[in-house]
Amino acid sequence: MAAVPALATLQPRPIPDYRVVTNHKPVPGGLPGRYPGRVVTVHSPLCIDEVTEKVDVPSVRTMIARGMSTLTGDKDPRDSWARFFDAQDFVGIKVNASGAPGAMSMPEVVAEITRNLITVGVKPASIVIHERGAGQILLPKYDQFVPAGVRVESANTWLGLDPDVYVEVNFFGEEDTRSYLIRMVTDQFTKIINVPNMKDHGAAGVTGCLKNLAYGEFNNVARSHYHAQTETLTFIGTLARVEPLRSRTVLNIMDGLRGVWHAGPFSRDRKYRFYPKQMKFGTDPVAIDRLLIDIIDDKRKKEGVISVWNRDMKYFTTKPEDWERDPNMNRSIREPGHIEYASTLGLGLYDLAKIDHVELTV
Amino acid sequence: MITLRRVRLLAALGAAALIAASPIAQSRTVARIFVTGAGARLVEQGIAGAAPSETSGFQEVPSPGVRYLPNVARATNVPWIDSNGWRFARGLRKANYAKVPAGSAALAAAEAFVFSIDAIVDPDPKDVDDLGAMLRFIRSQEAPPMSELVNIGVVDDGSPVMGEVLNLLTRRNLLFRVVKKPDPGLDLNVQLGTSDFPSEAAVNPYEFAARVRAKLGDDKRLVRLYGTNTVIVRLTGDDKRARLYLLAFGARRQENAGPQAIRVRLVGRYRPLKFSAFGAANEATLGDLRNPGNTTEFWVPDFRICAVIDLERIV
Numbered sequence: 001m002a003a004v005p006a007l008a009t010l011q012p013r014p015i016p017d018y019r020v021v022t023n024h025k026p027v028p029g030g031l032p033g034r035y036p037g038r039v040v041t042v043h044s045p046l047c048i049d050e051v052t053e054k055v056d057v058p059s060v061r062t063m064i065a066r067g068m069s070t071l072t073g074d075k076d077p078r079d080s081w082a083r084f085f086d087a088q089d090f091v092g093i094k095v096n097a098s099g100a101p102g103a104m105s106m107p108e109v110v111a112e113i114t115r116n117l118i119t120v121g122v123k124p125a126s127i128v129i130h131e132r133g134a135g136q137i138l139l140p141k142y143d144q145f146v147p148a149g150v151r152v153e154s155a156n157t158w159l160g161l162d163p164d165v166y167v168e169v170n171f172f173g174e175e176d177t178r179s180y181l182i183r184m185v186t187d188q189f190t191k192i193i194n195v196p197n198m199k200d201h202g203a204a205g206v207t208g209c210l211k212n213l214a215y216g217e218f219n220n221v222a223r224s225h226y227h228a229q230t231e232t233l234t235f236i237g238t239l240a241r242v243e244p245l246r247s248r249t250v251l252n253i254m255d256g257l258r259g260v261w262h263a264g265p266f267s268r269d270r271k272y273r274f275y276p277k278q279m280k281f282g283t284d285p286v287a288i289d290r291l292l293i294d295i296i297d298d299k300r301k302k303e304g305v306i307s308v309w310n311r312d313m314k315y316f317t318t319k320p321e322d323w324e325r326d327p328n329m330n331r332s333i334r335e336p337g338h339i340e341y342a343s344t345l346g347l348g349l350y351d352l353a354k355i356d357h358v359e360l361t362v
Numbered sequence: 001m002i003t004l005r006r007v008r009l010l011a012a013l014g015a016a017a018l019i020a021a022s023p024i025a026q027s028r029t030v031a032r033i034f035v036t037g038a039g040a041r042l043v044e045q046g047i048a049g050a051a052p053s054e055t056s057g058f059q060e061v062p063s064p065g066v067r068y069l070p071n072v073a074r075a076t077n078v079p080w081i082d083s084n085g086w087r088f089a090r091g092l093r094k095a096n097y098a099k100v101p102a103g104s105a106a107l108a109a110a111e112a113f114v115f116s117i118d119a120i121v122d123p124d125p126k127d128v129d130d131l132g133a134m135l136r137f138i139r140s141q142e143a144p145p146m147s148e149l150v151n152i153g154v155v156d157d158g159s160p161v162m163g164e165v166l167n168l169l170t171r172r173n174l175l176f177r178v179v180k181k182p183d184p185g186l187d188l189n190v191q192l193g194t195s196d197f198p199s200e201a202a203v204n205p206y207e208f209a210a211r212v213r214a215k216l217g218d219d220k221r222l223v224r225l226y227g228t229n230t231v232i233v234r235l236t237g238d239d240k241r242a243r244l245y246l247l248a249f250g251a252r253r254q255e256n257a258g259p260q261a262i263r264v265r266l267v268g269r270y271r272p273l274k275f276s277a278f279g280a281a282n283e284a285t286l287g288d289l290r291n292p293g294n295t296t297e298f299w300v301p302d303f304r305i306c307a308v309i310d311l312e313r314i315v
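Protein sequences, first through last, are from chains A and B.
Just so you know, the first sequence maps onto residues 1 to 362 in our numbering.
Just so you know, the second sequence maps onto residues 1 to 315 in our numbering.
Think of the hints as simulated: they come from the structure by calculation, not from any bench.
Note that beta-carbon positions come from the ideal geometry of N, C-alpha and C, so glycine has one too.
It is possible that some hints are incorrect.
What the hints assert, rightly or not - To list a few chain A residues with every Cβ distance to chain B over 10 Å, as calculated: (1) E50; (2) L139; (3) E153; (4) T177; (5) Y180.
To be verified - Rough simulated footprint, nothing fancy, chain B against chain A, three-plus residues with beta-carbon under 8 Å: (6) 199-206; (7) 231-241.
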């Protein structure tokens, strides 16, 4: 791994002794998927109103069409979608609602994704918008935006946890050492579309594709944060690699209409929101997340606050209110290195020189 | 006391848990619960005994419960269990729950039941109905006595520090019994002043319990619970059966609920015979039974305060 930028006063801990238990075998085509290292970014100045935060649906429709067709090289975006999905698929859309309503996978974006799935033959009843937790998934009111029949579920409302797929690890002496994968991933979905946001994260550094999958599809994950130290560096990639999550996640669409540059993954204070007005498309979660680091860190630099790479303990506070009030305070020492670590597990390309990044504006 | 021959027989049957006789193990399975005048109605109903006028044979103990203490690491609070299990392990046989705050009487009775202790409970008047319901539940659990299953021996010097160590071992479900000297038949013996457990290590009982856990190894722990850190277990059994008691101190669970509230892992291969839980839904059952290797795993659905799982050993 590349050296962590300066100010490394709190060193990462040794890699914990992970025990991965799964009864699913790897399937060819799993992450990083069909297009390793390829990322398409579509900008749209009109996609969201910064004052009202109202999403412009036609702009979103155009962004997704251009993003998908550019990713696959097809002229017709329906052909692009058809490369990934067909009428036999049962598709899980993994949204991010942990910061809702201030930050979330926008309902208009999710609705357009479902519309495209239905266009290529996926039945509405075979589309499930989901999160692990029951409370968060209800806040965006996805059901009011999507066609009838499309379901909105959580592990609390449908199927629960899979007792045969989990990662066992003891980080800090906790008693509950298992993180189970939710059962709709293992028993129902044939494919997963990952729809993260662009957010700072107090423990992981940033939260994008990898963390949305790992911490959003497994339970009992907050135990990886303890005082200044977090184990997100290795835990995120370890979880994202577990089968069948790895092989069933075929597409990442990062919703960057709105973002959070501090105090994420939540968005309690609107002053930390910003508006990248873009979406990223790819199958490689590492490549997309690598670009996300710079988006969040550049915004923080622009705001004159410490980098997500800063490990200096003088910026650490045990009081969440300090961290929420002051963007120069850390509640944990962030671990944006989790993205590079995931690349060492084979989940994608981290090196910017090897990432095939195409940008366009609509 | 069970004989050495019997211990060997059990080992031959594949019982990873070494069976150890303790004073507790020789007691009835259903504790005798007495209530003060506040619970006279329960005496009239025949589900509790009247507290004797002379209570000197009953040692006053704190009310069990859970407190949520601020956690400097996160915005959440961490649970701190107040259990008397360690006192019972030290030999206390008759408990007087004399100061039971409102809402705690049923838990006090359940604690006495789980550890097979005779107890006097002085309920808050508002708790009498709840206590009555718990006593009926306890009565329905009558079964032949079995020995306590443990695999850790603790040489107890009787000191306050050692008391706190026993408390933490109880809270962390590291199943132990107090021994006079190290028992080579157990998987682990804990004795202060040894190289594994130097005296100075007990200064911090929390870290001492972690040391005990590490020395034993999680795979050898007779019972593991996933999805909660506010439930204490007790395990009894013989060469054919086992009974697992779950005593829940907190109404708040972590993030799980419904049919998958707690995942249980037991060393040894069992099949469940009966699941009884106070406050569980009528249709509640154990879920997703598995027997990986020489272990047994299943989900326990949501319940309140106490659950009892009777198991049959797979041979």
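Quick check: which numbered hints come out false for this structure?
4, 5, 6 and 7
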